[in-house]
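**Student:** So the sequence shown is numbered by this note's numbering: it starts at 7 and just counts up by one.
Treat the hints loosely; a few may be bogus.
Quick list of simulated restraints, FRET-style, between CB atoms [what the hints assert, rightly or not]:
1) Phe97 / His26: 32 to 42 Å
2) Ala59 / Ser9: 21 to 31 Å
3) Ser102 / Val27: 30 to 40 Å
Hints listed in this document are in silico derivations from the structure and should not be mistaken for laboratory results. Don't be surprised by glycine CBs; every beta carbon is placed ideally from N, CA and C.
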Amino acid sequence: IASSNALIFANYILISVYGHVMFCEHTAPNILDSLGAAAPPGSGPIATLIMVARGALALQLTLALPMRFWGARKVLGGDMPRLTGRAALAFVLVASSAALAV
7 IASSNALIFA
17 NYILISVYGH
27 VMFCEHTAPN
37 ILDSLGAAAP
47 PGSGPIATLI
57 MVARGALALQ
67 LTLALPMRFW
77 GARKVLGGDM
87 PRLTGRAALA
97 FVLVASSAAL
107 AV
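The whole structure should be built from the sequences, with the hints applied where relevant.
**Tutor:** Structure follows, in structure tokens:
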């Protein structure tokens, strides 16, 4: 796990340094927004790569989020035998995280 975290940390550092060097103080919090401003849609292969990166990020978040909630649900609910209890707890977790994000 530590090596995976180190790899992720190195990836974030690499992306942040690249974004800052490329855009200086105009770097957006999401590097894909900065890249999108530099290469508007329809501007060739760079715009296509940016769209692929956005799609990959959306896919990663879509697939990873349920795994995080599964762990939290197991800790909070244990081995709930009923589907309705698990679904209710999952709904509460998702709703509370969405409320905190806003």
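**Student:** If a hint holds in the structure, say so; if it does not, say that too.
**Tutor:** Structure-based check of all given hints:
In this structure the hint that phenylalanine 97 and histidine 26 lie 32 to 42 Å apart at CB holds, the actual value being about 40 Å. In this structure the hint that alanine 59 and serine 9 lie 21 to 31 Å apart at CB holds, the actual value being about 24 Å. Range check, serine 102 to valine 27: Cβ separation about 38 Å, and the 30 to 40 Å hint holds.
Going through the hint list in order, the structure satisfies each hint without exception.
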